[in-house]
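Trainee: My request is simple: use the sequences and hints to build the entire structure.
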Amino acid sequence: MSVSGYTTIRRYTPEKSTLGKLFARDSIVRRMDWLLLFAALLLCAIGTLLVYSATRNRTSLTHGDQYYFLLRHVMNAGIGAALGIGAVVIGHRRMRDVVPFYYALAILGILAVLSPLGSTVNGAHSWIVIGGGFSLQPSEFVKVAIILGMAVVLSARVDAGDREHPDHRTVLQSLGLAALPIAIIMMMPDLGSVMVLGAIILGVLLASGASNRWVFGLIASGIVGALLVWQLGILDKYQIDRFAAFANPALDPSGVGYNTSQARIAIGSGGLLGKGLFHGSQTTGQFVPEQQTDFVFSVAGEELGFVGAAFIILLIGVILWRGCAIARGATDLYGTIVAAGIVAWFAFQAFENIGMTLGIMPVAGIPLPFVSYGGSSMFANCVAIGLLQSVKMQRPMSA
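Every number in my numbering is 3 more than the matching position in the sequence shown, counting from 1.
Just so you know, these hints were derived from the structure itself, not from any lab. Check before you lean on any hint, since a few could be wrong.
As the list claims (entries may be wrong) - Distance windows between CB atoms, simulated:
(1) TRP37 - MET189: 31 to 41 Å
(2) PRO292 - VAL218: 35 to 45 Å
(3) ILE226 - LEU38: 33 to 43 Å
(4) ASP162 - LEU280: 23 to 33 Å
(5) LEU38 - ALA313: 10 to 20 Å
(6) THR65 - ALA163: 25 to 35 Å
(7) PHE104 - SER138: 16 to 26 Å
(8) ALA85 - GLY179: 45 to 55 Å
Glycine included, every Cβ here is placed at the ideal spot set by N, Cα and C.
Mentor: Shown next as structure tokens:
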């Protein structure tokens, strides 16, 4: 085109290809925390092998199909991955609007356990059997509900610029929100879930910037509450026996202390490099009960040895490290609290599970995140990873 005798040449700027958009500076791929994702996926893969090793010879549980638990574990991981992707797509910030609905749904879920719909598994009345060999443990989803609910309450006025830290009234409201599901879960009673929720609440309060008096008060209240639960006889006999066996491992090695005793034998026999995958005598001989769920770490200790077990702990450490980094880099208090609550959840649950297998913590029926067999646990864990990715992705690239 000619203007005043001169020819104007338009510069052609080609549109970015789909691949170019995918790896652009502000793209989802560039903003994701790949170390976090890789560690979680690798734990799931290792867990799949350990679950298969622990169950392939247990014909009484597998109904003659050695792949029974393997296929269900892979399917649980697939569903969990879809839920995690959904959490990323929706985003933790947009979830603010649906937190009340999700919280109410979680409360209804644990109330349903106390109704005729609830079932007892291994002494804990905390399950809903849905048929086809599948069941749900609603208390797993309460963990996510408490983290999101407390984050919304504690961060509302701070993120709005009205205050620098949550005031006492706000902290009290958030604790009331957490107290309701904990009270319901104690009626089951599911002591393991209550312990994890207590760790989550402590982590949330620490991250929120609330007064240290609330933190110390929460710890003191937990100690008093534990003493009251013991004195009032709220715990079932099998739970009391577990604490007794923890306090005195030689009390009943063939009875209530059998699980931990056999688990320690399995881990100790693995040595440095282990006996080899699918070649553990304790695992193949089915000496350790609930080895695909609560005591899956004993399979790793026996068959993969100290090196393999340490590698699992390393991967969990990577998840915790990345979670802490995401919490520190969040652009608002809401994101910080969400990330910190998830870190507290994974840290305590992993420590308790591995600790009870080694005999340094009481048996509480808590699965090892991403490794143990269990759909509800896998679903909740994957949603948590999705929330962490959401917090990471919704901050400046330089953070």
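Trainee: Taking the hints in turn, state whether each one holds.
Mentor: Do the hints match the structure? See the list:
For the hinted restraint 31 to 41 Å between TRP37 and MET189, the CB-CB distance of approximately 40 Å keeps it satisfied. Against the hinted window of 35 to 45 Å, the Cβ-Cβ separation of PRO292 and VAL218 comes to about 38 Å, which satisfies the hint. About 37 Å separates the C-beta atoms of ILE226 and LEU38, a value consistent with the hinted range of 33 to 43 Å. Distance hint for ASP162 and LEU280: a CB-CB separation of about 48 Å, inconsistent with the stated range 23 to 33 Å.
Checked against the hint of 10 to 20 Å, the pair LEU38 and ALA313 passes, with Cβ atoms roughly 18 Å apart. The hinted window of 25 to 35 Å between THR65 and ALA163 is violated, with their beta carbons roughly 54 Å apart. Checked against the given bound of 16 to 26 Å, the beta carbons of PHE104 and SER138, roughly 24 Å apart, stay inside it. Restraint check, ALA85 to GLY179: a C-beta distance of roughly 33 Å breaks the suggested window 45 to 55 Å.
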